[in-house]
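Start from the sequences and build out the full structure, keeping to the hints where you can.
Read off the chains here:
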Amino acid sequence: MGHTLVEKIIGNKVGHDVKPGDIVTVSVDWCMIDDIMVPFAVQKFEEMGFSKVANPDSVVLIYDHFLPATQVDDSRHFRVGDEFAEKYGIKNVHRTDGICHQLMTEAGYVKPGDIAFGTDSHTVTYGCVGAFSTGIGYTEMAGILGTGELWIKVPESIKIEIDGTLPGNVTSKDIILRIIGDLTASGATYQSLEFTGSTVDALSVASRMTMSNMAVEAGAKCGIFVPDEKTCDYCKIPYDDKIKALRADDDAKYSRILRYRAEDFVPVCACPSLVDNIKPVSELAGTKVNQVFLGSCTNGRLEDLRAAAAILKGKHVVEFVKMIVTPASRKIYREALHDGTIEILSDAGCIITTPGCGLCCGRGGGILSDDEVVVATNNRNFLGRMGTSKVKIYLASPVTAAKSAIAGEIVNS
Amino acid sequence: MASGSFEKVYLDADKEIELFKAKIWKLGDDIDTDIILPTEYLAYETVEEMKPYAFSPLRPELAGQIQPGDMIVAGNNFGCGSSREQAPEVVKALGISCIVAKSYARIFFRNAINNGLLLIEQPDLYDEVNEGDIAEVETGKEIKVNGKSYTIASLPDNLLEILEAGGLVKAMRKKNGLE
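Residue numbers (the numbering used here), protein chains in the order written: chain A, 1 to 413; chain B, 1 to 179.
Simulated from the structure, these hints should not be mistaken for laboratory data.
Here are the simulated DSS-like cross-link-like pairs (lysine-lysine), alpha carbons at most 27 Å apart as the crow flies:
1. B:Lys-26 with A:Lys-390
2. A:Lys-153 with B:Lys-174
3. A:Lys-153 with B:Lys-175
4. B:Lys-174 with A:Lys-52
5. A:Lys-52 with B:Lys-175
6. A:Lys-390 with B:Lys-51
7. B:Lys-175 with A:Lys-13
8. A:Lys-153 with B:Lys-170
9. A:Lys-153 with B:Lys-102
10. B:Lys-26 with A:Lys-392
11. B:Lys-23 with B:Lys-102
12. A:Lys-52 with A:Lys-91
13. A:Lys-392 with B:Lys-51
14. A:Lys-392 with A:Lys-288
15. A:Lys-19 with B:Lys-102
16. B:Lys-175 with A:Lys-87
17. B:Lys-51 with B:Lys-92
18. A:Lys-153 with B:Lys-92
19. B:Lys-174 with A:Lys-87
20. B:Lys-51 with B:Lys-23
21. A:Lys-52 with B:Lys-170
22. A:Lys-153 with B:Lys-141
23. B:Lys-170 with A:Lys-87
Take a look, some chain A residues computed to stay more than 10 Å from chain B by CB distance:
24. Lys-19
25. Tyr-234
26. Asp-241
27. Gly-314
28. Leu-337
29. Gly-340
A partial selection of chain A residues facing chain B, derived with a Cβ cut-off under 10 Å:
30. Met-37
31. Glu-47
32. Asp-74
33. Ser-121
34. Thr-139
35. Thr-147
36. Val-216
37. Gly-362
38. Gly-384
Only a predicted model underlies this, so the values are computations on that prediction, with no experimental measurement involved. Ideal Cβ placement from N, Cα and C applies to all residues, glycine included.
Next up, the structure:
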């Protein structure tokens, strides 16, 4: 019997064949702890009675949700993290470099075939480079810090096959939103999403990140892509036989296969207040917008900022709309400065903020009030996520976001 | 045995089978972690401080109404969303004896077990009970509500071990020779 990609990654790690449902203990290549969870993970680690971190070089601390601090006690999290890193010899600490899920691949940590866990549900993002990665709680993270390993259940896999050429106004965000709508918010619970097909092959690594990132919104344990030459360029590693072996066998067994024609995709939004409440943008015409948010670990990359800039060049955000742009990392911010993207966005009236999680988790500037509408490129539109529980959050692509900012209503034409 | 007394009867000391009565609070499908505890309260130093804000985006009054020993009954995908472990911690701190849902999101499921919060998966009960009903739970066996019995499954052994140790912290302390 053949294996799916996730079965191969886990099998390689434990040194024997695995099948869905097997419970195995894996050694962990990377542990990511974000600023919100640092004090809790440290407290649990100490309660467990460990005297050293099993593998300090595998640990990465990243301050992003609370950056810059907006509430009185936020900076305690940075202090606790710094003290923990100092005490246990953890060298990988990013204090102002950007969002954790961007940095874990961008800064050269997670590579194809690796196994990574993080204290944030969007840890699934690293599936974009063919790694197995998923979110866990701080208690389990404390256990990994002390032991270097974690038990996992080998997931079943759902294959998503997309072939053909995407329409010009459709991005990978529209693809993943449609898939979540079809699967529903719990349709992939405990399972691995494996993305394949000619459309997927043609996507940039940045576009793939958007899809891996949102796999968890369908309940998935991970959302992975077969690593290819583009992946290896991004990860700065050779495209060798070891990497080429990281693909599903032809006779791999899937719990479900979803097939799509790229030509059938249209721009869509996830409407309030569920991620699987998907509607074509064309059906939302006339919905007035108060604010637009371009950023997050879902869509805060250079290609997202450039897509918005191409639309906003020489134009202006309509006067009653505030458009907030938050690059996902310092590197992206710098590249967008150098190629003129930031200038275009600023001239168009956008508010450009420092890299970080920003408005996505309702902690940065841009909190909204009852009945206000925000078109946002991030991954969740839950009640109260960006202000009061009566704020209406429409999740959309950077293209839809930029066009809506100019029109003052939800559009993509 | 009165409901809300949080009294547990151990039927079998070795297997930790418990029998208890609990009043039902009924929630819907896709109860996400932002509903269970919004981001703005995650950084409070203690779970005690977080308690009043549990479920506040959906039902601001609920945290004040829940009594120790009560149970939550919900639909599909309970605990979907973020990996915040404050979500099961705050539910446990409110004194909830167990959650009975059609299904759970996986991170919440692991986090709950690691904190010693009992989760029960049951496909039919949700559609047939009302808020305020009293349930009788016999872990690993059945739940009785309004005269009807609903079968429930046992957890896998590796999870039972963690649950029986009182959560992952205690299991690790044992491993480190501290308990």
